[in-house]
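Protein chains: 2
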Amino acid sequence: MFLFLSGEISVSELQNDRLLRALLRQPVDRTPVWMMRQAGRYLPEYRATREQAGSFMDLCKAPDLACEVTLQPLERFPLDAAILFSDILTVPDAMGLGLYFSSGEGPRFERPLRDAKAVRALPLFDPEIELGYVMDAVRTIRKALNGRVPLIGFSGSPWTLATYMVEGGSTKNFALVKGMMYREPAVMHEFLGKLADSVALYLNAQIAAGAQAVMLFDTWGGVLSTQHYNEFSLDYMRQIISQLTTEADGRKVPVILFTKGGAQWLPQMADSGADALGVDWTIELSQARELVQDRVALQGNLDPCALYGTPESIREAVAAVLASYGKGNGHVFNLGHGIHPEIPPENAGAMIQAVQDLSPQYHR
Amino acid sequence: MFLFLSGEISVSELQNDRLLRALLRQPVDRTPVWMMRQAGRYLPEYRATREQAGSFMDLCKAPDLACEVTLQPLERFPLDAAILFSDILTVPDAMGLGLYFSSGEGPRFERPLRDAKAVRALPLFDPEIELGYVMDAVRTIRKALNGRVPLIGFSGSPWTLATYMVEGGSTKNFALVKGMMYREPAVMHEFLGKLADSVALYLNAQIAAGAQAVMLFDTWGGVLSTQHYNEFSLDYMRQIISQLTTEADGRKVPVILFTKGGAQWLPQMADSGADALGVDWTIELSQARELVQDRVALQGNLDPCALYGTPESIREAVAAVLASYGKGNGHVFNLGHGIHPEIPPENAGAMIQAVQDLSPQYHR
Chain A
6 MFLFLSGEIS VSELQNDRLL RALLRQPVDR TPVWMMRQAG RYLPEYRATR EQAGSFMDLC
66 KAPDLACEVT LQPLERFPLD AAILFSDILT VPDAMGLGLY FSSGEGPRFE RPLRDAKAVR
126 ALPLFDPEIE LGYVMDAVRT IRKALNGRVP LIGFSGSPWT LATYMVEGGS TKNFALVKGM
186 MYREPAVMHE FLGKLADSVA LYLNAQIAAG AQAVMLFDTW GGVLSTQHYN EFSLDYMRQI
246 ISQLTTEADG RKVPVILFTK GGAQWLPQMA DSGADALGVD WTIELSQARE LVQDRVALQG
306 NLDPCALYGT PESIREAVAA VLASYGKGNG HVFNLGHGIH PEIPPENAGA MIQAVQDLSP
366 QYHR
Chain B
6 MFLFLSGEIS VSELQNDRLL RALLRQPVDR TPVWMMRQAG RYLPEYRATR EQAGSFMDLC
66 KAPDLACEVT LQPLERFPLD AAILFSDILT VPDAMGLGLY FSSGEGPRFE RPLRDAKAVR
126 ALPLFDPEIE LGYVMDAVRT IRKALNGRVP LIGFSGSPWT LATYMVEGGS TKNFALVKGM
186 MYREPAVMHE FLGKLADSVA LYLNAQIAAG AQAVMLFDTW GGVLSTQHYN EFSLDYMRQI
246 ISQLTTEADG RKVPVILFTK GGAQWLPQMA DSGADALGVD WTIELSQARE LVQDRVALQG
306 NLDPCALYGT PESIREAVAA VLASYGKGNG HVFNLGHGIH PEIPPENAGA MIQAVQDLSP
366 QYHR
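Just so you know, the protein sequences line up as chains A and B, in that order. Our numbering applies: residue 6 is where the first sequence begins, and numbers increase by one. Our numbering applies: residue 6 is where the second sequence begins, and numbers increase by one.
Hints listed in this document are in silico derivations from the structure and should not be mistaken for laboratory results. Errors might be hidden in some of the hints.
Straight-line distance between alpha carbons at most 30 angstroms, and here's what the computed BS3-like set of lysine-lysine pairs gives [stated by the list, open to error]:
1. B:Lys265 - B:Lys199
2. A:Lys122 - A:Lys177
3. A:Lys265 - A:Lys177
4. A:Lys265 - B:Lys122
5. B:Lys199 - B:Lys122
6. B:Lys177 - A:Lys265
7. A:Lys332 - A:Lys257
8. A:Lys177 - B:Lys177
9. A:Lys257 - A:Lys199
10. B:Lys257 - B:Lys177
11. A:Lys177 - A:Lys257
12. B:Lys265 - A:Lys177
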């Protein structure tokens, strides 16, 4: 059976909907599994395509190559989801800040944003135009996936985007962005409001293009105090979620919210409107589940460094995560953060195999 | 009145014991305040002494200069404690790993430790000999303080020392040290056991030399899973605490334990034998207090970036921290992490003044 999407391309019916079901806390036969950064440097085939493309951003901006790398991990491993190959910082790039990647230093902006005037001058943009390459990648991937597994779209959270936009890149102390927050809270709110509107437009465009679930990466929410997390990060993610398209292809589009280092805030995150919460490895899933009282699904939470272990220790670590979540619906297996570039692919394979072998008992 | 210490030097009676009382949850007239890294780069007078000394380690190893910089913040601000000027990594340096500081990259070791053989070869050492410069600094500072405020001694936690010793310096992913933990847990336990014994000897030598409270800095415990935190970090800190000298100068020597990023583990930390727990700014003190059920005192927890604000915003932020802890004994005001080098000294002064002005109401 074929469905029409956006009146443009026909897509096959979804053959593996474990991820979408688990994100909505519906029954599944086994725990679905995918990995953050599953299309990435730990795969030699990724490194080959990346070399062919040029820079990291060149790869993001070439829909055929972005599609190729998105599908690479699915060729190797029986994963239950694909995630769009892109970067969390495409929105500020579209706003004119000039995203680039310097080797060893991560993402940087040519024109960081430092004051109220720059906040006021931030342009709104049409994601179908300025981020058309992302939507083209989504459409290309959906076609290539042909219903095999669902495709996850994503963006950085407003606070996380703001940290990079103000600091101009990665930072240890968050001096500039927090300085702005402490000295000029009204300016910061105007800034984050603009970012929230843009991210909502962006994610809706991804959904219209074919994303079947979306994830908000709040990579740096965890550096805030509780009060500031609620006020400067969570509130804006809540605003985004309330603006998102809720259905596509006749199915609910689940929203996953992930604040790294945010274990202590899971109760308020569970009230954000998100269907599922990403959880890092600093909290037991049993405790996380108690904190959210089964109001949302949980995605996580193996320590990415567990993959430096042996096949045996990896299997034990997977068993511990599954046992910690326990029986019942609402668990998506994942790492607690992106897979590290030095991980041998076979170790990722051992993890995925262990989830397949060990999880069915929790769904009987 | 004069007391004799270690049969060597005479020391004046303590004139300001707010810190020691608060750490033991005894009544005080106002909340005591000190700052992690209060003797440091944000002070121009520190930078001048540092330049005179040469490298950071040269400064640590010159007792008179270490004493000078320890006292500098007390000359500027009405602080309630002095903290020994030293580094958390002196123990591995004494074990022969060759500690040095490369500008911009933080601490590094010339000879990192990478395997079971190196763990077995780790020497035990006599802190009075190999770390005699630290004990000399403690004695010199006590004499110079002349009872003005208590002196805090400290060390890195075994897990934190291990991360630097294995990685050879700072790290983002903790790949090597966690790889050892996942692949060779028995080796890691042998390693941490040796470090725990050495740290206990080291802290006891500091207490014998004159430290009136001691603090364990578990800077990197927060990168572990809950299970691994308990097994590879907290258990060894518990071992250390059980070996510490409990009294000096006829007073209890309080022990402070600080795991950065460990807010979710406060309940088990409260059972470690520590008298007080350091708390970073990612949790409300009201919630932290509930988690520890007044079994221990709490030290913290202003976001160090709050000091990038204005005098008014700093005062408000201090007020919020004090109000969050609320009435009653057992609060030591501090930042949630070390003061950043770029902070204007007058902003630190505004914080300290605000604690003095606003805290008495919580102690009536």
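Structure-based check of each hint:
{"no.": "1", "hint": "B:Lys265 - B:Lys199", "verdict": "holds, 23 angstroms"}
{"no.": "2", "hint": "A:Lys122 - A:Lys177", "verdict": "holds, 26 angstroms"}
{"no.": "3", "hint": "A:Lys265 - A:Lys177", "verdict": "holds, 15 angstroms"}
{"no.": "4", "hint": "A:Lys265 - B:Lys122", "verdict": "violated, 36 angstroms"}
{"no.": "5", "hint": "B:Lys199 - B:Lys122", "verdict": "holds, 14 angstroms"}
{"no.": "6", "hint": "B:Lys177 - A:Lys265", "verdict": "holds, 14 angstroms"}
{"no.": "7", "hint": "A:Lys332 - A:Lys257", "verdict": "holds, 24 angstroms"}
{"no.": "8", "hint": "A:Lys177 - B:Lys177", "verdict": "holds, 11 angstroms"}
{"no.": "9", "hint": "A:Lys257 - A:Lys199", "verdict": "holds, 26 angstroms"}
{"no.": "10", "hint": "B:Lys257 - B:Lys177", "verdict": "violated, 38 angstroms"}
{"no.": "11", "hint": "A:Lys177 - A:Lys257", "verdict": "violated, 38 angstroms"}
{"no.": "12", "hint": "B:Lys265 - A:Lys177", "verdict": "holds, 14 angstroms"}
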